[in-house]
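Chains as they are written, first to last, in the working numbering: chain A, 834 to 1126; chain B, 190 to 429.
It is worth saying that the hints were derived from the structure and are not from the lab. Remember, predicted model here, so these are calculated numbers, not experimental data. Accuracy of the hints is not assured; some may be wrong.
[Claimed, not checked] Between beta-carbon pairs, the in silico distance windows are:
#1 B:P282 - A:V948: 39 to 45 Å
#2 A:L1100 - B:Y323: 39 to 45 Å
#3 B:G220 - A:T924: 40 to 46 Å
#4 A:L1100 - B:S281: 48 to 54 Å
#5 B:R346 - A:V1107: 52 to 58 Å
#6 A:L1110 - B:G220: 55 to 61 Å
#7 B:Y323 - A:T888: 36 to 42 Å
#8 B:Q301 - A:L1100: 58 to 64 Å
#9 A:T989 - B:S328: 33 to 39 Å
#10 B:K370 - A:E922: 35 to 41 Å
#11 B:Y323 - A:T924: 28 to 34 Å
#12 A:T924 - B:Q384: 28 to 34 Å
#13 A:F985 - B:S281: 54 to 60 Å
[Claimed, not checked] Covered stretches of chain B (in silico footprint by chain A; criterion: 3 or more residues with CB under 8 Å from a CB of chain A, positions within the stretch not fixed):
#14 260–274
#15 292–305
All C-beta atoms in this analysis are idealised placements derived from N, C-alpha and C, irrespective of residue type, glycine included.
Listed below are the residues making up each chain.
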Amino acid sequence: MGTLAQQLINGISLGSVYALIAVGYSLVYSILLFSNFAHGGFLVIGGYICYYTLTVLGNNIWVAGGLSLLGAGIAAVLTERIAYKPIRERTNITLYLLIASLGMSIVIENIFVIVAGGRFRALPPVIPTNPVHLFGLTTTSAFDLLSLVVAFVFLTGLQLFIVKSKWGLAIRAAAFDLKTAGLMGINVNLLISIVFFVAGMLAAVGGIFLSVRYTLYPQLGGITIKAFVAAVVGGLGSLPGAVVGSLILGLAEMLTAGFISSQLRDLVVFSLLVITLLVKPTGLFGKKPTEKV
Amino acid sequence: MAEPLLSVQNLSVTYGVIRALHGVSMEVREGEIVCVIGANGAGKSTLLNAVMGVVRRESGEVIFDGKPLPRRSYQVVAQGVSLVPEGRRIFSPLTVHENLMIGAFPRKDMRQIEEDLEWVYGLFPRLQERKDQYAGTLSGGEQQMLAIGRALMSRPRLLLLDEPSLGLAPILIRDIFKELKRINGEGVTILLVEQNARQALMLSNRGYVLQTGRIVLQGRSQDLLVNPDVTAAYLGKLKK
Ligand SMILES: Nc1ncnc2c1ncn2[C@@H]1O[C@H](COP(=O)(O)OP(=O)(O)OP(=O)(O)O)[C@@H](O)[C@H]1O
Ligand SMILES: [Mg+2]
Chain A
834 MGTLAQQLIN
844 GISLGSVYAL
854 IAVGYSLVYS
864 ILLFSNFAHG
874 GFLVIGGYIC
884 YYTLTVLGNN
894 IWVAGGLSLL
904 GAGIAAVLTE
914 RIAYKPIRER
924 TNITLYLLIA
934 SLGMSIVIEN
944 IFVIVAGGRF
954 RALPPVIPTN
964 PVHLFGLTTT
974 SAFDLLSLVV
984 AFVFLTGLQL
994 FIVKSKWGLA
1004 IRAAAFDLKT
1014 AGLMGINVNL
1024 LISIVFFVAG
1034 MLAAVGGIFL
1044 SVRYTLYPQL
1054 GGITIKAFVA
1064 AVVGGLGSLP
1074 GAVVGSLILG
1084 LAEMLTAGFI
1094 SSQLRDLVVF
1104 SLLVITLLVK
1114 PTGLFGKKPT
1124 EKV
Chain B
190 MAEPLLSVQN
200 LSVTYGVIRA
210 LHGVSMEVRE
220 GEIVCVIGAN
230 GAGKSTLLNA
240 VMGVVRRESG
250 EVIFDGKPLP
260 RRSYQVVAQG
270 VSLVPEGRRI
280 FSPLTVHENL
290 MIGAFPRKDM
300 RQIEEDLEWV
310 YGLFPRLQER
320 KDQYAGTLSG
330 GEQQMLAIGR
340 ALMSRPRLLL
350 LDEPSLGLAP
360 ILIRDIFKEL
370 KRINGEGVTI
380 LLVEQNARQA
390 LMLSNRGYVL
400 QTGRIVLQGR
410 SQDLLVNPDV
420 TAAYLGKLKK
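Next up, chain B with everything else stripped away, as it sits in the complex (with noise of 0.2 Å):
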């Protein structure tokens, strides 16, 4: 089988005495689409900020196409790997455009930079139309859209997303998980993490479910959506 992507292994994080992350272990392959589902404080921010650098890993390793991803992020987007982070946070006082040019950072070539910008605007259109706007003059659903954008601004192999339906309507939702589709179509392999489990499952190839720092269960997403213990746990409010 080929070696997969992304590979977490064992990985324990803590914030001083609090032990956040218990020796996960998961993977990524290339081209998949995967989410972690977890409640709240389940660890689902701490595997991926572990991933990034941002939170020091005390433990276990993280391989990334073969080799040790580095601690620093910077180093780590510049490996191919960039995250949307939680609540968006995008640079508010800074243009739609010039958010999407600070995504490109790492890059010096201006003619893919500008290619690739296209393609972004191709994706969302509604930030096309507001290029010049401060984009804190976004709505939510828009400023999730930047900030895919702009994390795709580095032309990541692997695209990591923390929950981003956070705060936003279903139909949003939807549009925003639409299109993660097509961008995994055009060869981004895409990390999910997610409180809403059923969208999650819904879009992704494989899952995990991640509890209170340890991975509990995993499995293709179409089995998850119908395991008894994850509807129980986690799609009970939902279920109709």
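Next up, chain A with everything else stripped away, as it sits in the complex (with noise of 0.2 Å):
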């Protein structure tokens, strides 16, 4: 009794870990209709910064992290204006975004192989990690709980931003129809550059949670593919999506490592996307791929 609800909380945290990735990925695919595959790179540039940050100007996280976020938000932006807006301009071809961002993560991850070097770096102790009993039922550890409670502070700003504010319709209108919102008065640029930045951010947040679980280094990006199985499983292009998927998956993998064995973990999550794709291609919330002229 007592592991299996210390599996489902830690599985509900990892999940709630992979939604901020996934969503920014979803955000971005809702809009442009490709993968972005550099996606795992911004999460890198988080943790980076996050890092050197603690290192060089002492142990404040909230420093660290606000500089985290806003860096990796840039740094995604900057990638888009740099490697995606100029291709498409010109062309309707989703499929060249897809392969520059396939380039753009690998330009990332090499850049922090050169400057910062391949080795795994554990944050400074700031992020709590110390065992915590609940109500005396399981005992869990306070980064599980931390990074919950942080993912579903950062995911209800999403939300609310989505649903109430003046760019999020916008953006929602962009979704569905990305000239016609043009047409609106919307500069399309600036809501591209938007949607960046707000993926770049959560991205970052994943980022300095997941160096904390396995340290960081430079192919540490590369997690943001169960990021994007998450995504798949519950529709890509649909926030909702992407957070249930996510839970799904973290669910999924803590169960397997817990009860079954932690070897698994990984077969099961591509077992997923694999009967995602056979039984329901478009995801759990996915909409049937409408024509996008």
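Take the two lone chains, each set in its own frame, and fit them into one complex as the hints suggest.
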């Protein structure tokens, strides 16, 4: 009983971190209709900014976190401006964007290999990881609870932004029909930059938590493949789908690790992807791919 | 004579190797309803899209209110021009109300926006009845009303319409055109492109005939309606 509760909490906690990454993925997909494989790079950028700020400027997680979010957001905007904007202004073929994003992910990863080196780094211990006893029922770590709470706060913030704000409305309109959104007096390039900024920021939050969980290294961004799977399971382009998909994935991973074998967790993740693609290719919340002329 | 509100001078547009407009010149004066009629592929949508900055203007000029219109759509909207696009292109997953609010995106004066919302609901009471409904659930005619209302929410001085009659029953077309007349009466200048030549000419003050990217005929709409070339080419089928 105790173990089950513990694995459930760990699973939801891991899933909520995936969700931070998956919603960024989905947000970009919903507007530009391509999977941005450089998204993992934003997470790594966030992680390293946090690491260096903590080691150089002292152990203030608020400053380091703030700079990390800001830096990853800006990096995401720059990536779009440098690598994607010139392409999308010339062609409607999203395959080129996908290829450019693969290229950018390699570029970002190797910048860190060269500048920071390939070794694994542990963030200074600013995020508590001590065990916490929950109502005498079960034991979990403060870290798992904290990542759950922080992810919840950021995802709620995103939801409020999308549903309540003027730019959120513009983003929802653009997700349905980008070209027509331009006719509404919306500066489409600015809108795309805002979307990338938000996606980069959320990726950085995920990056900080993943750096604590698994340590930080230039290839840490590879973990976004799981957020990608989560986004597909939930339905690419759907934000609630990305969150639900991520929670399913986190739970599946932790329950497999806890009750079957830790080595099977990735197998389960990719089985979920295959099952989704076979049974419901549009994912749980995905819309039918409608014609976008 | 007063300067026209919109003046298109020698405008050319190409798509790759296809030239869709060959030096088109036309104008719209303040307060007018002007129509451009032409068959499929004549270049009607291209003309409106070039004015809006949706397609690149290869050469020629587009002057609005004495100044060249900017090249990017959102800047064109800010100048006071808005388009009801071909096929309506409403945002189906958003509500009717949200679709209208999106039309007001560049504006900041909330009080005025509220007033204009009432104005649009007054023009199209059916939209008000359905304001919290998803736009995708509206009928074709209601969607066309929504597309017009949405374009009006930017408070345009010039409203461009691309085939508003497309796919609508004749009775609905009459309703929509009646509303356009009313909107024009409230101070909005209108440029309309249509295949439905008879209705468009009956509504408008002046008309142009566009044929494979060239203006081949222009004049007062009442004259065009009885012009033998026009009746033969564009009004033939409808003639009783
Ligand atoms: N995106 C495009 N790429 C290539 N050619 C295009 C494109 N858009 C339009 N054309 C071509 O330009 C010409 C004019 O097209 P346009 O859509 O302006 O015609 P139209 O008068 O609006 O026709 P319709 O009544 O069918 O809407 C046509 O020959 C069309 O095939
Ligand atoms: Mg057309």
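Status of each hint after checking the structure:
{"no.": "1", "hint": "B:P282 - A:V948: 39 to 45 Å", "in the structure": "43 Å, holds"}
{"no.": "2", "hint": "A:L1100 - B:Y323: 39 to 45 Å", "in the structure": "41 Å, holds"}
{"no.": "3", "hint": "B:G220 - A:T924: 40 to 46 Å", "in the structure": "42 Å, holds"}
{"no.": "4", "hint": "A:L1100 - B:S281: 48 to 54 Å", "in the structure": "40 Å, violated"}
{"no.": "5", "hint": "B:R346 - A:V1107: 52 to 58 Å", "in the structure": "56 Å, holds"}
{"no.": "6", "hint": "A:L1110 - B:G220: 55 to 61 Å", "in the structure": "58 Å, holds"}
{"no.": "7", "hint": "B:Y323 - A:T888: 36 to 42 Å", "in the structure": "51 Å, violated"}
{"no.": "8", "hint": "B:Q301 - A:L1100: 58 to 64 Å", "in the structure": "60 Å, holds"}
{"no.": "9", "hint": "A:T989 - B:S328: 33 to 39 Å", "in the structure": "37 Å, holds"}
{"no.": "10", "hint": "B:K370 - A:E922: 35 to 41 Å", "in the structure": "40 Å, holds"}
{"no.": "11", "hint": "B:Y323 - A:T924: 28 to 34 Å", "in the structure": "32 Å, holds"}
{"no.": "12", "hint": "A:T924 - B:Q384: 28 to 34 Å", "in the structure": "30 Å, holds"}
{"no.": "13", "hint": "A:F985 - B:S281: 54 to 60 Å", "in the structure": "31 Å, violated"}
{"no.": "14", "hint": "260–274", "in the structure": "holds (count 8)"}
{"no.": "15", "hint": "292–305", "in the structure": "holds (count 3)"}
Of the hints listed earlier, those the structure fails to meet are numbers 4, 7, 13, in rising order.
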